[in-house]
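S.K.: Below, each chain spelled out in residue letters.
There are 2 protein chains.
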Amino acid sequence: MKIYETKTAPNPRRVRMFLAEKGINVEYVQVDIQKGENLSAEMRAKNPLGKIPILELDDGTCIAETDAICTYFEALQPEPPLMGTTPVEKATISMWQRQVEFAFMMQIGMCFQHTTGYFKDRMTPVPEYGKEAGINATKYLNILERRLGVKEYIAGDTFSIADITALCAMDFARVVKIRMTDDHVNLARWYESVSNRASAKA
Amino acid sequence: MKIYETKTAPNPRRVRMFLAEKGINVEYVQVDIQKGENLSAEMRAKNPLGKIPILELDDGTCIAETDAICTYFEALQPEPPLMGTTPVEKATISMWQRQVEFAFMMQIGMCFQHTTGYFKDRMTPVPEYGKEAGINATKYLNILERRLGVKEYIAGDTFSIADITALCAMDFARVVKIRMTDDHVNLARWYESVSNRASAKA
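Order-wise, the sequence lines are chains A and B.
Residue 40 in full-length UniProt numbering sits at position 40 of the first sequence; the count goes up by one each step and never skips.
Residue 12 in full-length UniProt numbering sits at position 12 of the second sequence; the count goes up by one each step and never skips.
If you're looking for bench data, these hints aren't it; they were derived computationally from the structure.
Some hints could be false.
Going by beta-carbon spacing under 10 angstroms, a handful of chain B positions derived as facing chain A [claimed, not checked]:
1. 24
2. 26
3. 28
4. 35
5. 39
6. 40
7. 49
8. 64
9. 68
10. 70
11. 71
12. 72
13. 110
14. 115
15. 132
16. 135
Just so you know, even glycine gets a beta-carbon here, dropped at the ideal spot from N, CA and C.
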């Protein structure tokens, strides 16, 4: 199997970190998204949306979407669990994973795409919307701060896929100058802890 | 347990349809989102993002996010499986579920919110972005058309949560006048089939 990815992009980092936590090694194939290599007919045959990362299995089956790739490996090798084991754990982790994705990571991505025009060859940037998305992402830092005041990790007492998503989003947020402030003491404690995991360097 | 929802909104319909497929009955509590009842301190204590649906368990644990609620019930009662059983099935369904959500349902939602100003008391509508989101959603109909030309259902040969999401999105898309055209013959075949399931009336 192999994974098509772009080393510097935030979503591929989520997959690499997830696999590092599981101790799984996979071959990576680099795709230059700035040049639009991901939009070729060959890549669109693997993922109709023309996005990376994509996991390609030995029989040619392709799985796109970061969370779906992680779902595959969680089912294949449940230990250590990063998506929960009981129904309530699974649901709680899924809830935080999605909220961190939608209300934080995606808002950062929209802020980046719509204010910088990085992908203006393939989309119509609307800077006013990009600015709103940045405001939304900044507000979400306060929700994370409150949550991490009562729990060690985002989805509860153990490290999960939601922490991986939040860390990769926070590091990516620097490109649009969205950062913690001195008021985010719990978030800073958590950030220090998850950044120091070996998997964060994957 | 109970579910806080708004009967007319598209995400609660996804949960009701999922539970109808499983034959699970749950008490529903109506929340008026137009009046902003979902934004009260009481509701934000259940879900910091102030959105519905929310599943509240008997011990007070709250699970927000449609997909997380479905994840809970899939783990609690795996039959009939709507999120896959093998690693490849789980990953394939997760991929389509997410792509239908991000590239279709969410685009329809953004088109609705940003072009109509329905929630302008709680967000800043950017009509130009709403228009772009509508264009994105319309393009995705062609991806669904091609997929349903080779598979009976969106994620493969069996009905799954991705079909529920796509059906609820398509029906909601009428509010922003996004509809199939006569060229979408495979999509029309699928739409007729899933609309006629008993669960579609839930």
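S.K.: Of all the hints numbered above, which does this structure not satisfy? Sort the numbers upward.
M.R.: 1, 2, 3, 4, 5, 6, 14
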